[in-house]
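Put together the whole structure using the sequences plus the hints.
So the first sequence is numbered by our numbering: it starts at 1 and just counts up by one.
Check each hint, because a few of them may be wrong.
Taking lysine-lysine and the BS3-like style, the derived pairs with C-alpha atoms no more than 27 Å apart in a straight line are [stated by the list, open to error]: (1) Lys252 to Lys210; (2) Lys407 to Lys500; (3) Lys668 to Lys382; (4) Lys200 to Lys231; (5) Lys557 to Lys422; (6) Lys474 to Lys520; (7) Lys104 to Lys231; (8) Lys263 to Lys104; (9) Lys419 to Lys500; (10) Lys162 to Lys445; (11) Lys104 to Lys91; (12) Lys252 to Lys91; (13) Lys637 to Lys277; (14) Lys427 to Lys200; (15) Lys124 to Lys231; (16) Lys580 to Lys384; (17) Lys445 to Lys580; (18) Lys81 to Lys263; (19) Lys459 to Lys519; (20) Lys668 to Lys642; (21) Lys520 to Lys445; (22) Lys144 to Lys164; (23) Lys419 to Lys442; (24) Lys580 to Lys427; (25) Lys407 to Lys419; (26) Lys200 to Lys219; (27) Lys509 to Lys474; (28) Lys419 to Lys445; (29) Lys248 to Lys117; (30) Lys445 to Lys422.
Pairwise CB distance ranges (calculated) [stated by the list, open to error]: (31) Leu630 to Glu179: 49 to 59 Å; (32) Glu120 to Leu470: 46 to 56 Å; (33) Glu554 to Ser149: 35 to 45 Å; (34) Gln112 to Arg612: 33 to 43 Å.
Treat the hints as calculated values from the structure; they're not laboratory data. Glycine included, each C-beta is placed from N, C-alpha and C at the ideal position.
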Amino acid sequence: MALSIVSDDASVQEQQIQEQIFQCIDEYKDSIFNAGAGAGKTYALIESLKYIINTKGDRLNYHNQHVICITYTNVATNEIKERLGNTTLVKVSTIHERLWDLIKDYQKQLVQIHIEKLNEEINKINQELETESKFARYQNLSDKETFISIMNQNREAFYQNKDKGASDFRTAIKLFLDEQYHSLLDNVSNFKSLVGKLYKIQDFQECLEKIECNEENYKTIFYDARFNTDKLHRMLISHDTLLEYAYKLINKYDLIKQIIIDKYPYILVDEYQDTHKNVVQILNLLSQYSTQINHKLFVGYFGDTAQNIYDDGVGKDIFNLHQNLENIAKNFNRRSTIEVIDVINKIRNDEIQQQSIYEDADGGLVKFYSGNQDDIDSFIDKCKDDWNINQDNKLHCLVLTNELVAKYNGFENIYQKLKNTKYYRSKWQNINTEILSQDLSKLGKIPNFLYRLIEFKYKIENPQTPITSLINEKIYKQLTFKQLRELIELFKTIDTISLKSFIESMLNKYNETDNESYKKVIEDLLELADYTFDFVLDYMLNSLFRGIDETEIEESKNRLIELLEVSNDEYIAWFNYLNKIESEEVIYHTYHGTKGEEYDNVVIIMQNNFRRNDNKFSNFFSSYPNEDGLSDNDLAKYTDTKNLLYVSCSRAKYNLRIFYLDDISDFKDGIESIFNNICEY
DNA sequence: ACCCTATTGATTTTT
DNA sequence: TCAATAGGGT
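Structure representation (structure tokens):
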């Protein structure tokens with residue numbers, strides 16, 4: 001087996017790099033550890049944490065001090081906690097969790113910052129209303145006040161009709177809006193945007209008054225990691241606003257800086273390239289203040305600029321935001337064969353050029369194929385053949401959108417039918433979190449409801465399910481053995497042909513049976529007000545099609561029934577996806593979603609366009625490797641694409657194939673410089 | 001045929 | 001939110 005023999009020489013060098021980090025820790029020298037994909041970055045981070053525990057632990061304990069380790073995702077937090085083992089000395093968490101923990105007790109100061117923010121926002125909106133051309137008609141109104149007051153009085157009607165088409169909306173608004181204002185309705189989307197802004201101003205002003213009057217619920221700021229929307233007028237802040245407030249608070253109050261520094265003398269940041277600018281600025285403030293008051297503080301960043309694939313991340317900008325960082329680089333690769341390393345080195349094309357740490361690192365296969373859309377399936381089959389793909393040797397296929405992930409993983413209909421509901425059409429940002437998040441606490445209301453049903457159905461169908469996982473402990477403890485058996489028999493009689501018939505049958509039995517335990521289990525599971533199929537349908541309708549017209553109710557219900565009639569196979573595929581159960585031989589992911597993962601066999605489906613950029617990948621290959629001639633804007637796009645390509649290609653350990661769906665003749669030179677030659681498929 | 005405006009349609013990931 | 005397209009006016 002390849003990738004197993006580490007030479008003594010490399011081993012020594014690797015240890016020396018680790019010692020450099022230790023030295024920075026000892027000397028409280030802020031540092032940045034740069035390591036390409038598969039270099040063992042997390043390993044270096046964990047070793048550093050262990051070093052601090054072992055050499056500074058007693059002193060930290062004595063002073064009741066702790067080490068902070070912040071990560072970008074909950075998944076990363078859990079991984080580090082697991083690999084580090086049990087320790088109370090190190091506080092591992094996501095950035096947001098830690099920052100909120102640090103600032104949440106300074107409510108008086110936070111509310112002050114909130115007041116400033118509300119005033120800023122009001123000014124900003126007023127500015128937009130006065131200057132933007134789409135509000136020209138509003139600007140020319142002689143009596144804005146009357147218009148504003150009419151719209152404020154008819155808020156409910158506005159929101160009720162907001163999602164209707166342009167002409168219906170116009171008719172509805174004209175019912176209460178005086179004729180002199182009708183010209184504002186010429187462009188309906190501008191009108192909606194205008195009124196939305198006016199309402200916001202109104203909300204913010206009312207909020208300011210309530211804070212002023214010291215009203216209940218307006219004395220503190222709230223943050224909930226599960227929701228990412230600012231409801232500033234209700235004192236509720238989003239993830240980004242949390243970072244903003246934290247920065248402002250820490251910037252403003254030296255005492256808070258000192259408290260943090262004295263409590264947490266070591267701060268380590270995982271995946272620094274993806275952390276938000278505000279976070280680096282906060283750490284920079286702390287670092288500078290620690291020098292000023294001569295209290296010791298160590299800040300260590302771990303990451304790789306070439307793996308910055310999220311818009312908010314600082315990327316290379318970190319060197320401007322936090323100066324005088326000691327640069328430590330590790331150019332070994334512990335993951336891939338030399339064939340893969342060669343390609344990813346060419347993609348990043350910068351000072352970090354990796355070499356394998358192994359003596360036996362060859363034997364990988366990398367190929368670029370040019371093909372087309374219709375041949376994706378047959379291409380995958382060819383790869384399965386060529387690489388002997390089976391249950392123990394899986395193929396991981398990377399596609400660009402979640403929609404395709406849903407389709408290829410076998411639950412296209414569930415995804416599409418949920419997507420085409422009123423709720424998800426108006427809140428498209430929520431689709432992927434609420435339907436596809438593998439963090440189950442993030443599932444939307446109805447997806448979560450469906451999930452609980454499938455889970456229960458699956459448990460009933462599977463004879464190996466232990467009773468303890470099927471029935472709540474409180475319930476089964478009170479049952480005799482005979483009663484328990486009766487209950488299970490009763491479950492087994494529930495029809496499982498489709499999710500729809502499962503619900504119907506389950507609820508019919510609920511209403512027929514006098515078995516109280518059965519009722520209790522169903523009540524625990526569904527938590528409904530009423531246990532009939534019609535009620536379930538109304539419940540779903542209320543959530544996914546809230547506020548639709550009378551005339552559309554029947555059709556919407558039918559669409560929900562269609563959703564419940566999607567095949568069991570699809571529901572199982574969705575269930576497995578959410579639980580990361582990889583039961584198929586080929587697993588599909590988005591490019592972004594594979595960050596931090598590694599796979600033996602990787603196929604990447606690629607095309608010119610992505611999101612609103614018609615030529616994302618084609619432009620990259622056209623420009624490669626001459627990035628010098630690019631404008632700032634083009635260079636930013638080039639780097640974005642380069643990083644995404646780097647992250648996806650560097651997942652592969654042995655076998656890597658790119659399958660490109662568009663005509664590549666215009667940029668084949670760029671492709672050949674990276675992948676050597678292009679195969680026709 | 002051309003221009004301007006309104007409407008529709010597409011959109012990754014994490015907190 | 002933004003870009004592509006449809007539609008209306010000249």
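Report task. Take a quick look at whether Lys668 and Lys382 sit within 27 Å of each other, Cα to Cα. Result -> holds, 23 Å
Query raised in the report: Going straight from one Cα to the other, do Lys668 and Lys642 come out at no more than 27 Å?
Result: Between Lys668 and Lys642 the Cα gap is close to 16 Å, so the pair holds against 27 Å.
Query raised in the report: Would the pair Lys263 and Lys104 pass a check requiring their Cα atoms to be no farther apart than 27 Å?
Result: Roughly 16 Å separates the two Cα atoms, so the pair holds.
Query raised in the report: Straight-line Cα separation of Lys104 and Lys91 no greater than 27 Å?
Result: The given pair, whose Cα atoms are some 17 Å apart, holds under the 27 Å limit.
Requested in this report: Verify the proposed pairing of Lys200 with Lys231, using a straight-line Cα cut of 27 Å.
Outcome: Holds, at about 10 Å.
Query - Hinted pair Lys252 and Lys91, Cα distance within 27 Å - result: holds, 25 Å
Requested in this report: For the pair supplied as a hint, Lys580 and Lys384, confirm whether the alpha-carbon distance does not exceed 27 Å.
Outcome: Holds. Lys580 to Lys384 sits at ~21 Å (cutoff 27 Å).
Query raised in the report: Per the hint of 35 to 45 Å, is the separation of the Cβ atoms of Glu554 and Ser149 within bounds?
Result: Since the Cβ atoms of Glu554 and Ser149 sit about 39 Å apart, the hinted range of 35 to 45 Å holds.
Report task. Measure nothing beyond the straight line between the CA atoms of Lys637 and Lys277; if it is 27 Å or shorter, mark the hint as holding. Result -> Cα-Cα ~19 Å, so holds.
Report task. Would you mind confirming whether the straight-line C-alpha gap from Lys144 to Lys164 stays at or under 27 Å? Result -> Since the Cα atoms of Lys144 and Lys164 sit roughly 25 Å apart, the hinted pair holds (cutoff 27 Å).
Query raised in the report: Can the restraint linking Lys200 and Lys219 be considered satisfied, given a maximum Cα separation of 27 Å?
Result: At roughly 20 Å apart (the allowed maximum being 27 Å), Lys219 and Lys200 satisfy the hint.
Query - Proposed proximity, Lys231 with Lys124 (alpha carbon, max 27 Å) - result: Between Lys124 and Lys231 the Cα gap is close to 17 Å, so the pair holds against 27 Å.
The structure shown violates none of the earlier numbered hints.
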